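Asks: Given two chains presented individually in distinct reference frames, assemble the corresponding complex, making use of the accompanying hints.
Residue numbers (this note's numbering), protein chains in the order written: chain E, 1 to 534; chain W, 1001 to 1127.
Derived from the structure by calculation, the hints contain no laboratory data. Small disclaimer: the values here were computed from a predicted structure and weren't measured. Be aware that a few hints might be false.
List of simulated lysine-lysine pairs, DSSO-like, C-alpha gap at most 30 Å [to be verified]: (1) W:Lys1110 <-> E:Lys6; (2) W:Lys1086 <-> W:Lys1116; (3) E:Lys249 <-> E:Lys203; (4) W:Lys1038 <-> E:Lys5; (5) W:Lys1117 <-> E:Lys188; (6) W:Lys1086 <-> E:Lys6; (7) E:Lys519 <-> E:Lys435; (8) E:Lys377 <-> E:Lys327; (9) W:Lys1104 <-> W:Lys1038; (10) W:Lys1110 <-> E:Lys203; (11) W:Lys1110 <-> E:Lys5; (12) E:Lys15 <-> W:Lys1110; (13) E:Lys377 <-> E:Lys445; (14) E:Lys203 <-> W:Lys1117; (15) E:Lys6 <-> W:Lys1117; (16) W:Lys1104 <-> E:Lys26; (17) W:Lys1104 <-> W:Lys1047; (18) E:Lys435 <-> W:Lys1110; (19) E:Lys448 <-> E:Lys413; (20) E:Lys385 <-> E:Lys475; (21) E:Lys5 <-> W:Lys1116; (22) E:Lys15 <-> W:Lys1086; (23) W:Lys1104 <-> E:Lys6; (24) E:Lys445 <-> E:Lys475; (25) E:Lys377 <-> E:Lys425; (26) E:Lys380 <-> W:Lys1117; (27) E:Lys157 <-> E:Lys26; (28) W:Lys1086 <-> E:Lys203; (29) E:Lys284 <-> E:Lys328; (30) W:Lys1117 <-> W:Lys1104; (31) E:Lys385 <-> E:Lys448; (32) W:Lys1116 <-> E:Lys203; (33) W:Lys1086 <-> E:Lys26; (34) E:Lys328 <-> E:Lys366.
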Amino acid sequence: MSDNKKAMLTDIFLKETAQQLQNIDKLLMDMDHDGLDSYHIEEICRIVHSIKGAANMMDFEEISKLTHNMEELLQYIGSSNQIDNSVLDIVFQCMDYLELLLADIDNGNRFTTDISPILEKIAYIVPNKVFKDNSQRSNSVFRISEYDEKVIDDAIKRKENVYLVIIEFMPNSIMKGARSLLIINQLKEMGHIIRTHPDQIEKALDNDISNGFSLILITSESRQAIIDCLDYIDEIQNITIHVIEEDFKTNNPYIETSKHLSTRFLFRQNERREIVVAIEQIDKIVRLLFELTDNRQELEQIYSSLLTAHSADGNMDKLENVIQQMKKCHQRLEEVLMDIRICTVENVFSRFPRLVRELTRRSGKKVDFTMEGNTIKMDKAIIEKIVDPIIHLLRNAVDHGIEPVSEREQKGKNLTGHIQLSVEKNNDHIVISVKDDGRGINIDKVRKAALSRGMVTEQALSQLNDKDTLQMIFKPGFSTADVISEISGRGIGMDVVKTNVERLGGTVEIETAENQGTKISMIIPAKYCLSLEK
Amino acid sequence: MVRVLIVDDTQFIRASLRLMLERHDDIEIVGEADTGTKAVSMYQRLKPDVVTMDISMPNMDGIEAVRRIISADPNAKVCMITSMGKEQVVKESILTGAKGFIVKPFYEDKVVDVLKKLAGKKEEKNT
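Extracted from the complex, chain W is given alone in its bound form (with noise of 0.2 Å):
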């Protein structure tokens, strides 16, 4: 069972996010936050397998919400959510600990592809 948790300020990509995941049985959406702060704090309370991050939110953004989800976790296993012309920010994210990417538009089989792969990441490289 892979375990999600999703960050976005939107609405509509929490919205979209879940309909997406909610169909498949292996996979099991464990909380939404609709800011940075309450993403740190919902990631230490429900230790999720893997979390979607939107790059850009007021306030707290993407990329701060990873580094505290990352200090407090280092083998968290984040994903950013990004749109086109954001390479730059996704690099940063990536280097302050994202292990992975997605750019909207997304596709249900991409989406559900990339997290399910890196929620197995960690597992094969310990059998």
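Chain E extracted, bound-state conformation (with noise of 0.2 Å):
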């Protein structure tokens, strides 16, 4: 740098680090009075830096040292719990030096304080940095997984390109990991990176990566345009790029397909960034939100409470603003929640018609399907647990409801069977129920049946109207065939029917007429954001 340049940039240096000096004083200031906080230490951590910065470029070494172990000193009070005032009296001890250097230079560019007696106090603090051992060397075989291969294969036949390109930075090339970075984003507008070795680069930081990468590359460009595209990063030493050919599995030095390795992709470009959560991990999170909003509404109790004493406070309008972006927030945080937990029914439901056309077949019967309340939206959690409910009514329906063609005939019913499922929606419930229009279920013939099976004494029998009788089709021994037989009714699994509506909370409920249908009803309570498992 020419003197001239070196005495103008000397002056800007001198007045800015004065300035920011002056602005850690404040900082240091607020610290002293109201005790230490992060925003204060980064803040003053970020101007150390500044000045370390600008003094490593102007070459004062002796202020490059000193910010740079105030910068150590900093970090290491931000992320200590306690530190005494002893401690903080060090970091004002360092701004007097870093003034009496800023004076050396005023004067004339020649350092003569000496700083080692403050390096030592900060050295005496600070815990020792482990040295971390650079010397990982890459493997040089490229491994492959057998999947990575039928990829490589299919582009070769596709008659793309598949290269292996070698990337060597310089011996002291720094931050290789952006660079690495930047080199595998730009290849990746070229084509598609199938693995790289070390493998996940773009993950890696300068430590993690010996003297260079090396990857695999499909693309239908050719090497030139590779090397193009890299040019304008700086730093790179060397780029080799090989063509991987057709026999590449035996006749390549370079590449090794291993059984061990898994499939891996490199993130894609138009990946669907969505992850899989486990549901309890959503409740965690609504129960957490519940405590917040308890939380809440004891503040704003102590809130009304403090507002007839302290009206003229300025802090009480404050303390309101706060409590109510605290409900905004909680709205929200709600109806995110719930988004997530909630779907359609019709996503899940889909499968039903296919599924009644299928038992109709078997049956050799004729049965028209109908469904409706598609769109209604309920918990996926809750959703879930009510297919395999469904699924048990409908074969009861198609099974034991609708009568074969030549009954209904003779009943003079329609040929056609209907069987509908249906989803309502009130305040507190949602109703699925499953129709249709088929034998009904005789009563009478369930309280002979529960008699004979020893399931109910007559007295007690005597006590219950129809609704209780049919309750009785969900009991275990109602389940076996011969009892079916005997009232015309329902068939098996009934009662894992009401056992699994009645872990959601719900209860079933039957309603019945001889020769005309059945209707079954599964009624759930509408908790839209807690599972209920009982």
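Replies: Below, the structure is given as structure tokens:
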């Protein structure tokens, strides 16, 4: 740098650093008064870092050294839970030394201030850093998985180019991790990267990379195009590109297939940004949200009680604002969570028409199947749990509810039976029902069967109304074949249906009329937020 | 002519960069911004070929400024100016859309080289 430039920059450096020291002073004063807090420490760190950078550029070694140590001291302070005032004192002392160093520069560029005393003090406080061993050497053979092999095969068949690209960085290259990321991003625009070596290089930092890395790229571009697109990236010593030919499995010394490598995908361009989350995790969040709501409500109460005595205090308004914000935030959180948990039943119900068609075909009967309420939204957890019961009910309706064509003809009914699955919602409940226009259930036969099976005494039976009598169908004893034929009603699995619905906190109801049909309804409380596991 | 917008909250760095780049006839410094907010509005107005962006600035940091510039102009060429020990942040800025970076302390040859190459990048692809 020319003397002129240096002089000009020195001037700027002195002025600006002086201002920055003032800023740090103010932050230190605040902390001295109010106690340490991470925001202040980070700010001070940022300013010290800035001074260090400038000092480096100007070759002001002493300032560079001192600020570097200050950074470590501040980081240590920031990460420790307990710091006594003596440590903060040291920071103040650093500031004094910095002022002295600046004065030295102003006086003529020779540093006369000895900073070793303060460096010693800092070294005494900050724990020693562990020396990291950087002598990693990357394996020279590129290992690919069996799946990778297939992908390469396919690409070659499609007449695309498959290249093994080897990148070597210059010996003293820095931030190789970031550099590698730049390279990867550029190459992704040229084609598809199957794998890198070392693996997942896009996650690596400088220390993880010894002198370079390699990758396999599928592209329709030429070798020159690849080299050109990386041209603007700094500190690359060498780019070697090997073409991978058809015989790569046997004849390529650089590539080896390993059975132990799993399939991995580098982030593809149009990846669906979704993750799988366990419902229990969402439940946890919801419960915590409820807890927060309780806390907020307590806060509101305290606010109210303070209001009369402190209405003049400006802080009361601020407090109210914060409480309002919290309310809004809660609402939004709830909305987001509901959105995650809720989906329309349509997705799940779409499989039922085909199921009914299949059951009908096997039975030789004629059935028309309709669904209503597809667009209703329900908690995903609940939807999952009612699928099986619905399948049971549909099966029963086809197998036992709807009569064979001949029987329907005899009864003077429409030859094609009708089964309807409907979902309805009111404020408190969701009702999912399966209705058929078939045989219906003969309640008397139910009573007789219950008696003969010893499920109920005559006296108890006389107390039961029709509705309750029908409920006995759900008892395990009723799920046997002979009983089914007796009551010509429902079949296997009714007790399973009831158990599943009860687990969701719901109930099952039956409406029936002989020869007219049966409607079985699952009534589930509409508690959207928590999946109810009892 | 490579038109450069310099963004850095430290006057020292802005001055250093200016001194380095001014000497070159084929480089023109079209503006200087000392905050992320100013950087975003100046970018819109001046439409430079390249932006040098300080990674850490108070209020709006470099990454946020990059995000906004890129969302307004996906082809923007932003070069992060960073110091050692900030690799993770540099990577994040690359993922946000920065196309290159320069590590402090920087030297004139390097800076000019990187900025010129970055500016020339798209042009080569188009020919």
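Asks: All hints are to be evaluated individually against the structure, with a verdict given for each.
Replies: Quick rundown of the hints versus the structure:
Restraint check: the Cα-Cα separation between lysine 1110 of chain W and lysine 6 of chain E comes to about 19 Å, which is no more than 30 Å; the hinted pair holds. The straight-line distance between the Cα atoms of lysine 1086 of chain W and lysine 1116 of chain W is roughly 24 Å, inside the 30 Å bound, and the hint therefore holds. Between lysine 249 of chain E and lysine 203 of chain E, the direct Cα distance comes to roughly 28 Å. Compliance with the 30 Å bound is thereby established for this hinted pair. For the hint pairing lysine 1038 of chain W with lysine 5 of chain E, the CA-to-CA distance comes to about 27 Å; that is within 30 Å, so the pair holds.
Proximity of lysine 1117 of chain W to lysine 188 of chain E is assessed by CA-CA distance (about 19 Å); at most 30 Å being required, the pair is judged to hold. For the proposed pair lysine 1086 of chain W and lysine 6 of chain E, the alpha carbon gap of about 27 Å is at most 30 Å, so the pair holds. At most 30 Å may separate the alpha-carbon atoms for a hinted pair to count; lysine 519 of chain E and lysine 435 of chain E meet this at roughly 4 Å. For the hint linking lysine 377 of chain E to lysine 327 of chain E, the alpha-carbon distance of about 25 Å falls within 30 Å, and the restraint holds.
The hinted pair formed by lysine 1104 of chain W and lysine 1038 of chain W meets the criterion: a straight-line CA distance of about 23 Å does not exceed 30 Å. Taking the CA atoms of lysine 1110 of chain W and lysine 203 of chain E, the gap is about 26 Å. The hint holds against a cut of 30 Å. For the suggested pair lysine 1110 of chain W and lysine 5 of chain E, the alpha carbons sit about 18 Å apart, so the restraint of at most 30 Å is met. Distance hint between lysine 15 of chain E and lysine 1110 of chain W is fulfilled; the C-alpha atoms sit about 27 Å from each other, no more than 30 Å.
At roughly 39 Å between alpha-carbon atoms, lysine 377 of chain E and lysine 445 of chain E are farther apart than 30 Å, so this suggested pair is violated. Between lysine 203 of chain E and lysine 1117 of chain W, the direct Cα distance comes to roughly 26 Å. Compliance with the 30 Å bound is thereby established for this hinted pair. Note on lysine 6 of chain E and lysine 1117 of chain W: the hinted pairing holds, with a Cα-Cα distance of about 27 Å set against a maximum of 30 Å. At most 30 Å may separate the alpha-carbon atoms for a hinted pair to count; lysine 1104 of chain W and lysine 26 of chain E meet this at roughly 28 Å.
Restraint check: the Cα-Cα separation between lysine 1104 of chain W and lysine 1047 of chain W comes to about 26 Å, which is no more than 30 Å; the hinted pair holds. With a C-alpha separation of about 79 Å, the suggested pairing of lysine 435 of chain E with lysine 1110 of chain W is violated against the 30 Å cut-off. The hinted pair formed by lysine 448 of chain E and lysine 413 of chain E meets the criterion: a straight-line CA distance of about 28 Å does not exceed 30 Å. Distance restraint check for lysine 385 of chain E and lysine 475 of chain E: the Cα-Cα separation of roughly 20 Å lies within the 30 Å cut-off, and the hinted pair is therefore satisfied.
For the hint pairing lysine 5 of chain E with lysine 1116 of chain W, the CA-to-CA distance comes to about 23 Å; that is within 30 Å, so the pair holds. Distance restraint check for lysine 15 of chain E and lysine 1086 of chain W: the Cα-Cα separation of roughly 26 Å lies within the 30 Å cut-off, and the hinted pair is therefore satisfied. Simply put, lysine 1104 of chain W and lysine 6 of chain E have alpha-carbon atoms about 17 Å apart, close enough for the 30 Å limit, and the pair holds. For the given pair, lysine 445 of chain E sits about 15 Å from lysine 475 of chain E by alpha-carbon distance, which is consistent with the 30 Å threshold.
In summary, the hint linking lysine 377 of chain E to lysine 425 of chain E is supported, as the alpha carbons are separated by about 9 Å, within the 30 Å threshold. Pair hint lysine 380 of chain E plus lysine 1117 of chain W does not hold up; C-alpha atoms about 53 Å apart against a cutoff of 30 Å. A hinted pair counts as satisfied when its Cα atoms are at most 30 Å apart, and lysine 157 of chain E with lysine 26 of chain E does not qualify at roughly 69 Å. Distance restraint check for lysine 1086 of chain W and lysine 203 of chain E: the Cα-Cα separation of roughly 14 Å lies within the 30 Å cut-off, and the hinted pair is therefore satisfied.
For the given pair, lysine 284 of chain E sits about 21 Å from lysine 328 of chain E by alpha-carbon distance, which is consistent with the 30 Å threshold. A C-alpha spacing of about 18 Å is found between lysine 1117 of chain W and lysine 1104 of chain W, which places the hinted pair at or below 30 Å, so the restraint holds. Only pairs whose Cα atoms come within 30 Å are accepted, and lysine 385 of chain E paired with lysine 448 of chain E is rejected, the gap being roughly 33 Å. Taking the CA atoms of lysine 1116 of chain W and lysine 203 of chain E, the gap is near 28 Å; set against the 30 Å cutoff, the hint holds.
Simply put, lysine 1086 of chain W and lysine 26 of chain E have alpha-carbon atoms about 26 Å apart, close enough for the 30 Å limit, and the pair holds. With a C-alpha separation of about 55 Å, the suggested pair lysine 328 of chain E and lysine 366 of chain E falls outside the 30 Å cut-off, and the hint is violated.
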